[in-house]
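**Q** Sequence:
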Amino acid sequence: MQLDWLKQTTLVRRSTYVRELRPELAPETAEPARSRLAFVPGHLAVIAIAACVIAGGWIPYPLVPLLSLVIGTSFAGLTFVAHEAIHGAIVRGRTARWIVGWLGFLPFTLSPRLWAAWHDRVHHANANLPEDPDMYPTLAEYRASSRIRFLIDAFSLGGRRWRGALSLVLGFTVQSAHQLCVARQRGFLAPRAFWIAIAETMAGVATWAVVAALVGFVPFLFVFVLPLLVANAIVMAFVLTNHNLSPRVEIDDPLVSGLSVTAPRWLEWITLRFGYHVEHHLFPAMSSRHAGAVRDLLRARWPTRYQSMPLRTAMRELHRTGRVYKDATTLVDPRTGREYPTLMPSPSN
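Residue numbers (the working numbering): 21 to 369.
These aren't lab readings, by the way, just hints derived from the structure by calculation.
Glycine included, C-beta positions come from ideal geometry on N, C-alpha and C.
Just to be clear, a hint being listed does not mean it is correct.
[To be verified] Computed spacing ranges between beta-carbons, pair by pair: (1) T30 - L89: 39 to 49 Å; (2) V189 - A164: 24 to 34 Å; (3) Y81 - G357: 28 to 38 Å; (4) G236 - V189: 20 to 30 Å; (5) R181 - V230: 30 to 40 Å.
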């Protein structure tokens, strides 16, 4: 029934939504949120101070993991600053975007040029289309590839398998490395840009190698390794819920192919409201500090088409449902054959 509805409904292109919403938004929503640059030195200071405390042995050992949690939260915070900066929502100059992006993605040693190509250019133009590099596979793709079967069966979140937590604590690190490896093959980066991306990545690796040499092996586990797991979990909780409960589509319709998730206020502050993802896909160069205004307009104009839920609910649905697409609106657990409908707007809208 859902697949029939998707075939019968009229998908709306992003440009149509933008054309209707833009006149209703205040002029300042088009301005970069430069004050958010303060998050960069703020998070770096938290990381540096906590790292010194751990390396110096200045607190009782049982409290060290708590500082790792703090560092990991700042790692994640930097990542969301980088995401917004590279979109041009914080700074507009190209060089400034690369610098802020490199610093922000330093915990994941992710090249800002790779991110701009993979995420800004390809994902945003193809969200939940077959060309989307972040999409989970179809059942045919799953059956045709032993590598895909292994990754889905062993690591993906879904089917009530708790080992899927690995996709949370490792997911963004693994995905970033994978996208760098396939960037030339998939045409994300031209040869020169690819080698710059390699250099940016290696500069990040070298930075953390120096930190490891300075603090020592065991402290490094708590200064970098454990915090990286925390940062992965925070980032992936939003990355996975934003699209992977939604249907595959043939037209970039953000209200059908995306989900906005709400979270506790402190977490929305740390993540710069990244969970307001439908709003972000409509206006990627707009700072998410204005996402609430966009959300209000969407709820007023398309009250049953706009989709949102609490992050906790979305995570529970990810854990419960399958991660392979049997068809555009049906998720399936290929090991059990159990099927689950994707999220869908109300047919009345």
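**Q** Hint by hint, note whether the structure agrees.
**A** For each hint, the structure was consulted:
1. T30 - L89: 39 to 49 Å: holds, 47 Å
2. V189 - A164: 24 to 34 Å: Given about 28 Å between the Cβ atoms, the range holds.
3. Y81 - G357: 28 to 38 Å: violated, 49 Å
4. G236 - V189: 20 to 30 Å: At roughly 24 Å between Cβ atoms, V189 and G236 fall inside 20 to 30 Å, so the hint holds.
5. R181 - V230: 30 to 40 Å: holds, 39 Å
Against the hints set out earlier in the document, a violation occurs for number 3 only.
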